[in-house]
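For the sequence shown, this note's numbering gives the first residue as 1, with consecutive numbering after it.
The set of hints was computed from the structure by calculation and includes no laboratory data. In this text, a Cβ means the ideal position worked out from N, Cα and C, and glycines have one as well. Some hints here could point you the wrong way.
Stated by the list, open to error - Derived pair list, reagent style BS3-like, types lysine-lysine, alpha-carbon separation capped at 30 angstroms:
#1 K44 <-> K170
#2 K148 <-> K228
#3 K268 <-> K148
#4 K148 <-> K170
What the hints assert, rightly or not - Label-pair distances were calculated between CB atoms; the ranges are:
#5 T13 <-> Q168: 15 to 21 angstroms
#6 K7 <-> D162: 36 to 42 angstroms
#7 Q179 <-> K7: 56 to 62 angstroms
#8 Q179 <-> K233: 22 to 28 angstroms
#9 Q235 <-> H188: 44 to 50 angstroms
#10 S53 <-> K147: 31 to 37 angstroms
#11 Q101 <-> Y18: 28 to 34 angstroms
#12 S267 <-> Y18: 36 to 42 angstroms
#13 G88 <-> Y18: 24 to 30 angstroms
#14 K260 <-> G99: 28 to 34 angstroms
#15 D140 <-> Q101: 20 to 26 angstroms
#16 G92 <-> S55: 25 to 31 angstroms
#17 P60 <-> S267: 49 to 55 angstroms
#18 D263 <-> G88: 48 to 54 angstroms
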Amino acid sequence: MPIALSKPFARNTQVDDYDVRQIKKALNRLGYYVPDDAVFTALKQFQTDHGLSPSGMVRPGDETIAALNNAITNAPDSQYIWRTVGDGRVRGQHAALAGQQRQWNDSPDPGEDFNCRCWAEPVSATGKPQGPLDCREERDAADLAEKKVQEIKDLIIGLAEDAQKIKQEKDEIIRRLTQLFGGVLAIHIINWPAKWLDNMHEAIRFNFGIQIENQLQGEIEFLGERLKRIREKIQEKLDQRAILDVLLEKSLDDYTEAEKRLDDCMSKKNESGVISV
């Protein structure tokens with residue numbers, strides 16, 4: 001039965017449950033799909049293998065739908081091995097089929113049921129894995145490396161957001177010190193050594209000859225404590241950023257290497273005459 005979507009199918013969008021089942025079954029039948037969120041990665045790989053724009057999304061009636069329908073129509077009626085993620089959430093009937101070599105016309109199919117955690121590993125007439133799954137290990141490694149890079153980038157973004165909050169807190173203190181002592185003295189105080197911040201109202205009297213009124217002494221000491229904490233936070237964020245920069249550089253190298261291994265695998269597969277269907 002040809003695929004017919006009711007709405008666009010893409011990551012982080014509201015998709016139709018039946019559309020999900022159609023896409024999952026088609027990609028599963030063609031040897032691309034592994035359960036869970038990898039369906040979008042599998043869709044992107046299918047598009048790449050078939051010369052389409054690798055967007056990882058599909059719209060009703062677009063060229064990806066046409067390519068999927070064509071591939072399904074021309075797919076050989078070969079056997080496959082039933083695979084599962086192997087945890088307690090796999091349906092009992094499906095878990096019992098794990099590792100079995102089956103025909104495609106033997107119901108049920110992996111991925112047919114909603115939230116199915118199983119997939120098909122195609123095999124050739126000789127019983128050996130075939131098609132895109134030949135490079136599954138390399139593809140998984142590349143996906144994992146890409147995910148690691150993104151995780152580190154997200155942490156760096158989080159640090160930048162934290163730094164902005166710290167800056168805002170520091171600006172508040174500068175504004176208050178400027179109100180009390182003027183801009184020039186406020187800048188001097190901001191750059192004082194930590195030991196002067198421990199008893200700031202006395203340091204102000206000693207350095208500037210300004211006697212702090214009793215009702216302001218508590219606030220002045222509180223501002224000094226806040227300045228010390230801000231400096232500690234800034235240093236902590238700088239240390240974290242230095243570590244993340246090193247990790248990001250290494251992760252980018254790992255991702256580049258993983259992509260190269262995947263490209264090499266796909267090239268060798270194509271040279272060997274294995275057709276990605």
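Quick rundown of the hints versus the structure:
Restraint check for K44 and K170: not satisfied, since their Cα atoms lie roughly 46 angstroms apart, outside the 30 angstroms limit. Straight-line distance between C-alpha atoms of K148 and K228 comes to about 35 angstroms, which puts the hinted pair past the 30 angstroms bound. Simply put, K268 and K148 have alpha-carbon atoms about 27 angstroms apart, close enough for the 30 angstroms limit, and the pair holds. Annotation: proposed proximity of K148 to K170 is violated, straight-line Cα distance about 33 angstroms (limit 30 angstroms).
Look at T13 against Q168: about 34 angstroms separates their beta carbons, and that is not inside 15 to 21 angstroms. Judged by the Cβ atoms, the range 36 to 42 angstroms given for K7 and D162 holds: they are separated by roughly 38 angstroms. Between Q179 and K7 the C-beta distance comes to about 57 angstroms, which sits within the given range of 56 to 62 angstroms. At about 23 angstroms, the CB distance of Q179 to K233 agrees with the hint of 22 to 28 angstroms.
Distance hint check: the CB atoms of Q235 and H188 are about 21 angstroms apart, inconsistent with the given range 44 to 50 angstroms. At roughly 22 angstroms, the beta-carbon separation of S53 and K147 lies outside the given 31 to 37 angstroms, and the hint is violated. Roughly 29 angstroms separates the CB atoms of Q101 and Y18, a value that falls within the hinted 28 to 34 angstroms. Checked against the hint of 36 to 42 angstroms, the pair S267 and Y18 passes, with Cβ atoms roughly 37 angstroms apart.
Between G88 and Y18 the beta carbons are some 27 angstroms apart, a value that agrees with the proposed interval 24 to 30 angstroms. The given range of 28 to 34 angstroms is respected by K260 and G99, whose C-beta atoms sit roughly 32 angstroms from each other. Hint check: D140 to Q101, Cβ distance near 22 angstroms, so the stated range 20 to 26 angstroms holds. Taken as a hint, the range 25 to 31 angstroms is violated for the pair G92 and S55, whose Cβ atoms sit roughly 37 angstroms apart.
With their beta carbons about 34 angstroms apart, P60 and S267 fall outside the hinted range of 49 to 55 angstroms. A hinted range of 48 to 54 angstroms is violated for the C-beta pair D263 and G88, which are about 37 angstroms apart.
When each numbered hint is compared with the structure, violations occur for hints 1, 2, 4, 5, 9, 10, 16, 17 and 18.
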